[in-house]
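J.: Residue strings, one per chain:
4 protein chains.
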Amino acid sequence: MAIVLGPNQYGKAETRVVRIYRDGPRHEIHDVNVSTSLRGDFAEAHVTGDQAKVLPTDTQKNTCFAFAKQEGIGEIEDYALDLGRHFVDDIDSVDGARIQVDEYAWDRVVVGGQEHDHAWVRRGGEVRTTIVTVEVDSTSVVSGIRDLTLLKSTGSEFWGYLKDEYTTLTETHDRVLATSLTARWRYAAIDLPWGRVYEDVRRILVERFAQVHSLALQQTLWEMGKGVLEAHQEIVEIKLSAPNKHHILVDLSPFGIENSGEVFHAADRPYGLIECTVAHDETP
Amino acid sequence: MAIVLGPNQYGKAETRVVRIYRDGPRHEIHDVNVSTSLRGDFAEAHVTGDQAKVLPTDTQKNTCFAFAKQEGIGEIEDYALDLGRHFVDDIDSVDGARIQVDEYAWDRVVVGGQEHDHAWVRRGGEVRTTIVTVEVDSTSVVSGIRDLTLLKSTGSEFWGYLKDEYTTLTETHDRVLATSLTARWRYAAIDLPWGRVYEDVRRILVERFAQVHSLALQQTLWEMGKGVLEAHQEIVEIKLSAPNKHHILVDLSPFGIENSGEVFHAADRPYGLIECTVAHDETP
Amino acid sequence: MAIVLGPNQYGKAETRVVRIYRDGPRHEIHDVNVSTSLRGDFAEAHVTGDQAKVLPTDTQKNTCFAFAKQEGIGEIEDYALDLGRHFVDDIDSVDGARIQVDEYAWDRVVVGGQEHDHAWVRRGGEVRTTIVTVEVDSTSVVSGIRDLTLLKSTGSEFWGYLKDEYTTLTETHDRVLATSLTARWRYAAIDLPWGRVYEDVRRILVERFAQVHSLALQQTLWEMGKGVLEAHQEIVEIKLSAPNKHHILVDLSPFGIENSGEVFHAADRPYGLIECTVAHDETP
Amino acid sequence: MAIVLGPNQYGKAETRVVRIYRDGPRHEIHDVNVSTSLRGDFAEAHVTGDQAKVLPTDTQKNTCFAFAKQEGIGEIEDYALDLGRHFVDDIDSVDGARIQVDEYAWDRVVVGGQEHDHAWVRRGGEVRTTIVTVEVDSTSVVSGIRDLTLLKSTGSEFWGYLKDEYTTLTETHDRVLATSLTARWRYAAIDLPWGRVYEDVRRILVERFAQVHSLALQQTLWEMGKGVLEAHQEIVEIKLSAPNKHHILVDLSPFGIENSGEVFHAADRPYGLIECTVAHDETP
Numbered sequence: 370m371a372i373v374l375g376p377n378q379y380g381k382a383e384t385r386v387v388r389i390y391r392d393g394p395r396h397e398i399h400d401v402n403v404s405t406s407l408r409g410d411f412a413e414a415h416v417t418g419d420q421a422k423v424l425p426t427d428t429q430k431n432t433c434f435a436f437a438k439q440e441g442i443g444e445i446e447d448y449a450l451d452l453g454r455h456f457v458d459d460i461d462s463v464d465g466a467r468i469q470v471d472e473y474a475w476d477r478v479v480v481g482g483q484e485h486d487h488a489w490v491r492r493g494g495e496v497r498t499t500i501v502t503v504e505v506d507s508t509s510v511v512s513g514i515r516d517l518t519l520l521k522s523t524g525s526e527f528w529g530y531l532k533d534e535y536t537t538l539t540e541t542h543d544r545v546l547a548t549s550l551t552a553r554w555r556y557a558a559i560d561l562p563w564g565r566v567y568e569d570v571r572r573i574l575v576e577r578f579a580q581v582h583s584l585a586l587q588q589t590l591w592e593m594g595k596g597v598l599e600a601h602q603e604i605v606e607i608k609l610s611a612p613n614k615h616h617i618l619v620d621l622s623p624f625g626i627e628n629s630g631e632v633f634h635a636a637d638r639p640y641g642l643i644e645c646t647v648a649h650d651e652t653p
Numbered sequence: 370m371a372i373v374l375g376p377n378q379y380g381k382a383e384t385r386v387v388r389i390y391r392d393g394p395r396h397e398i399h400d401v402n403v404s405t406s407l408r409g410d411f412a413e414a415h416v417t418g419d420q421a422k423v424l425p426t427d428t429q430k431n432t433c434f435a436f437a438k439q440e441g442i443g444e445i446e447d448y449a450l451d452l453g454r455h456f457v458d459d460i461d462s463v464d465g466a467r468i469q470v471d472e473y474a475w476d477r478v479v480v481g482g483q484e485h486d487h488a489w490v491r492r493g494g495e496v497r498t499t500i501v502t503v504e505v506d507s508t509s510v511v512s513g514i515r516d517l518t519l520l521k522s523t524g525s526e527f528w529g530y531l532k533d534e535y536t537t538l539t540e541t542h543d544r545v546l547a548t549s550l551t552a553r554w555r556y557a558a559i560d561l562p563w564g565r566v567y568e569d570v571r572r573i574l575v576e577r578f579a580q581v582h583s584l585a586l587q588q589t590l591w592e593m594g595k596g597v598l599e600a601h602q603e604i605v606e607i608k609l610s611a612p613n614k615h616h617i618l619v620d621l622s623p624f625g626i627e628n629s630g631e632v633f634h635a636a637d638r639p640y641g642l643i644e645c646t647v648a649h650d651e652t653p
Numbered sequence: 370m371a372i373v374l375g376p377n378q379y380g381k382a383e384t385r386v387v388r389i390y391r392d393g394p395r396h397e398i399h400d401v402n403v404s405t406s407l408r409g410d411f412a413e414a415h416v417t418g419d420q421a422k423v424l425p426t427d428t429q430k431n432t433c434f435a436f437a438k439q440e441g442i443g444e445i446e447d448y449a450l451d452l453g454r455h456f457v458d459d460i461d462s463v464d465g466a467r468i469q470v471d472e473y474a475w476d477r478v479v480v481g482g483q484e485h486d487h488a489w490v491r492r493g494g495e496v497r498t499t500i501v502t503v504e505v506d507s508t509s510v511v512s513g514i515r516d517l518t519l520l521k522s523t524g525s526e527f528w529g530y531l532k533d534e535y536t537t538l539t540e541t542h543d544r545v546l547a548t549s550l551t552a553r554w555r556y557a558a559i560d561l562p563w564g565r566v567y568e569d570v571r572r573i574l575v576e577r578f579a580q581v582h583s584l585a586l587q588q589t590l591w592e593m594g595k596g597v598l599e600a601h602q603e604i605v606e607i608k609l610s611a612p613n614k615h616h617i618l619v620d621l622s623p624f625g626i627e628n629s630g631e632v633f634h635a636a637d638r639p640y641g642l643i644e645c646t647v648a649h650d651e652t653p
Numbered sequence: 370m371a372i373v374l375g376p377n378q379y380g381k382a383e384t385r386v387v388r389i390y391r392d393g394p395r396h397e398i399h400d401v402n403v404s405t406s407l408r409g410d411f412a413e414a415h416v417t418g419d420q421a422k423v424l425p426t427d428t429q430k431n432t433c434f435a436f437a438k439q440e441g442i443g444e445i446e447d448y449a450l451d452l453g454r455h456f457v458d459d460i461d462s463v464d465g466a467r468i469q470v471d472e473y474a475w476d477r478v479v480v481g482g483q484e485h486d487h488a489w490v491r492r493g494g495e496v497r498t499t500i501v502t503v504e505v506d507s508t509s510v511v512s513g514i515r516d517l518t519l520l521k522s523t524g525s526e527f528w529g530y531l532k533d534e535y536t537t538l539t540e541t542h543d544r545v546l547a548t549s550l551t552a553r554w555r556y557a558a559i560d561l562p563w564g565r566v567y568e569d570v571r572r573i574l575v576e577r578f579a580q581v582h583s584l585a586l587q588q589t590l591w592e593m594g595k596g597v598l599e600a601h602q603e604i605v606e607i608k609l610s611a612p613n614k615h616h617i618l619v620d621l622s623p624f625g626i627e628n629s630g631e632v633f634h635a636a637d638r639p640y641g642l643i644e645c646t647v648a649h650d651e652t653p
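As given, the protein sequences belong to chains C, Z, F and H, one line each in that order.
Under the working numbering, the residues of the first sequence are numbered 370 to 653, in order.
Under the working numbering, the residues of the second sequence are numbered 370 to 653, in order.
Under the working numbering, the residues of the third sequence are numbered 370 to 653, in order.
Under the working numbering, the residues of the fourth sequence are numbered 370 to 653, in order.
Isolated chain C, as found in the complex (with noise of 0.2 Å):
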């Protein structure tokens, strides 16, 4: 029996590139980690060794930093989209780009009162993402979010549950509930005004989860997805992962302590991890 080399890609992975704008007094700043994979007609590379088709990853970083330069990077997504349409039409032998970009964000400091032309403050939080994947006759855009850190410390509740012989988890009707979420959306479109979607999705994720009664994470997450979708109809589907960070409320009562959900135990591992995705129907 043959053996054969299956799918393969390369690439250049989390060139941090940093974009300044400095056209007037006022300065802009975008803060990126870009990777870059390109799939093709690779398989000399590997069987052979010939290099002849395999543009180097060092090269694929260099066009990283001059497209910062020559294209700009104003929006992730189309900074992606330009990168990948350039290997894949300029580099006869890229079939297939797939670009990732996420960006970290600055604030202005303020100082008394007035925003500075040239100093800021790093954000933390929550970063923004997009993989473009650019194909030869097709290009898809899917943005996203990570490391949202959410929570609410009532109006979650979690009872009527399955119980076989291992479990031993007691119902309760108020909990915290939390987690760091990361959601992806893919776009049905690719000109869309990116950061203004970007910010409307990240309202509508934390609203929902603020405002929804928690029966289950599962529950939150589906009206977390709904409300986007119900929002954004060039929104295909939004896939949703979230971690349930696990607060447990500390038994205070050998201490002669009541504890009316108000310490808690913030645990680290294990933990839930809940995903789903939602959907537009696109049964006819």
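One thing to keep in mind: the hints can contain errors.
Chain copies aren't distinguished; within one or between two, either way the pair holds.
[Claimed, not checked] Computed list of lysine-lysine pairs in BS3-like fashion (alpha-carbon distance at most 27 Å, straight line): (1) Lys532 with Lys422; (2) Lys532 with Lys614; (3) Lys422 with Lys614; (4) Lys614 with Lys595.
No lab work stands behind these hints: they were computed from the structure.
Using the hints provided, position chains Z, F and H relative to the given structure of chain C.
T.: Using the frame of chain C, we list chains Z, F and H on its own:
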């Protein structure tokens, strides 16, 4: 247009189970990190919040601990199969279970040339992994290794590659090649001597990395994968994911010092990332 | 020559306490990481193994949780003082206690312009810290901030430095300056409005970073520290530890592209590390 | 009241130097992480911004690479001494240098029972460390080990401890004891066979951990330190810092399963932290 629930799953991630066998004076240790994930009839849990068919992730965790005692942890593949079958067979609402187990190796302490009965040093380095998927009518075992960090100080070239306007890389006929390998291989059967196969696959991967004169990491990976498949008919395919951990030759010429492949800067980011699958050809 | 026990301490590290205040509909959250460390008469615990004078670290953890309810977590300095005094005053064998508390900030979710009563987004970014040391006859409070990541895209030079045979760095009159600051300041008193001082110190650090035209990170740190001490007589001294997070101007000239301070590679390692103390002069 | 500059230092952290010796077919590898830190006459650099006495951290990095070739990296202590002496002796403004080196171990690949000439697997596990401080009239070498993770599955008790109102811990006469040890020992001389001493100290630490019947981690650490000092008169003192990595016996009784020290949950946080110094008594 209606909004619908798509694929979904949930489980308990990273339950850290340590199992000691202490039937005689010479103890044994198995140190694992288990993640369980269940698929099935969970739409109501999302859409209405009704949890009647949801086995809590806390129960899944309890099951991991209970099975560590009752069924034991011998080979991680068998432990994962036991867990996966239990969830699918015994819980009505569950159609599929994905059980992921990482195992951390410990070496016995040696005192005066004698192996100690109940003391160990954690080995560090690579981690043995498995992902078992049990469905109602199928079962698959994909085992692997990660964090296997390899380096060779010669016997590696990179030249003859495609050059475009963004290419600045210099060709080389002698470089350091280093990677931190992740490999996953799919088995054709579910009743194999897992540990012996694992050790042999690891041996082949390491030996091929050392012995193949490399014209590119792509070629080295191909030869590593081919070596594994040639020796193991019971392995259907193997996926290799290998960061190219760049070791950059430091230019010492400004100090009047020649550097003939002796002093390198080990860079963190960006890194190349080469991924490929090697398979037994199943074309009829 | 005899072998003797020298300085020793023990405690419980990284107890993750979350305290919810829920006296009305509008909840409050305090999310902290507490480490306790005790010194005292513990020689027997080491030398003979007799634990009669050792308060278990498990008890220290319980105390952190119990005090979070009974004494409450208002300002982290007060919480740490309460814990430290308890261990020194109430446990005979304890002579000294070092209590370290990190606090993670949460922002209230805003829905339709209204702050939500019981839902938050974790802010990310910098962490507020304190280290309180209580001894039988003295108490000190050293508060601080860490992971405060700052960047300015101009207004920073580096030239006129010492050159030796290993110097290759090019002088610059315009560079990106970035750091992830850790600062710790020692208070002259133990009954201050901790939160207000913290906010003002943070404000000064950020503003001085932005406003000082920098000739080196050393000079910027000095000006930041001086700014804090000028405004706060109740602070005895401040220690600043600042990695120079290098942003390396990318050479785009091989591609015929000029790069006038617009495209940078954000490097991980190595990094500069500048540390200094600024103090009120106590020389008579 | 004037504001003054207090203690200060600066340097380059985490320069990742890999040195290959390739004088014959059998290569050698030394893989280190170097941090340099200089003290001296640097007040002007802070107060006026004048850098005339400041050797750039970039130059320090270059020096680490150049010395790796010229002086070589044999024992990390000698490499650090070379670097430290250079900075103090050759740079006028420098009074003191602190050189920290971590070394990562690599094992030769074995092919068919033969050690390979130029291929290695990174060992993982513990890291060998040194901190050398060179001042105008003194030099000290403090070497060590970190991330040495040890576990014993019996031979460990914890009982007879102090109990107060917050104590709930149950006494035990048989528990799992595990730690990830950091040890640092100060040498009495600066011309020792560093590698051989290191190996012997490591051996003693591991053996004593295994052999001492433990009544507490405090006692185990004391015996480990004492064992080192008894065998090594050239070591003045040793500091041990040991997290108590709690392995919590899982209660399986709700499932009708007995758990006699067989199934444990390896907890992440909080953890105990025991620190002590053991020294040769220098009292006259």
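J.: Are the hints correct? Go through all of them and say.
T.: Hint-by-hint comparison with the structure:
no.: 1; hint: Lys532 with Lys422; in the structure: between (58 Å within a copy, 9 Å between copies)
no.: 2; hint: Lys532 with Lys614; in the structure: within (22 Å within a copy, 32 Å between copies)
no.: 3; hint: Lys422 with Lys614; in the structure: between (47 Å within a copy, 22 Å between copies)
no.: 4; hint: Lys614 with Lys595; in the structure: within (22 Å within a copy, 42 Å between copies)
No hint from the list above goes unmet by this structure.
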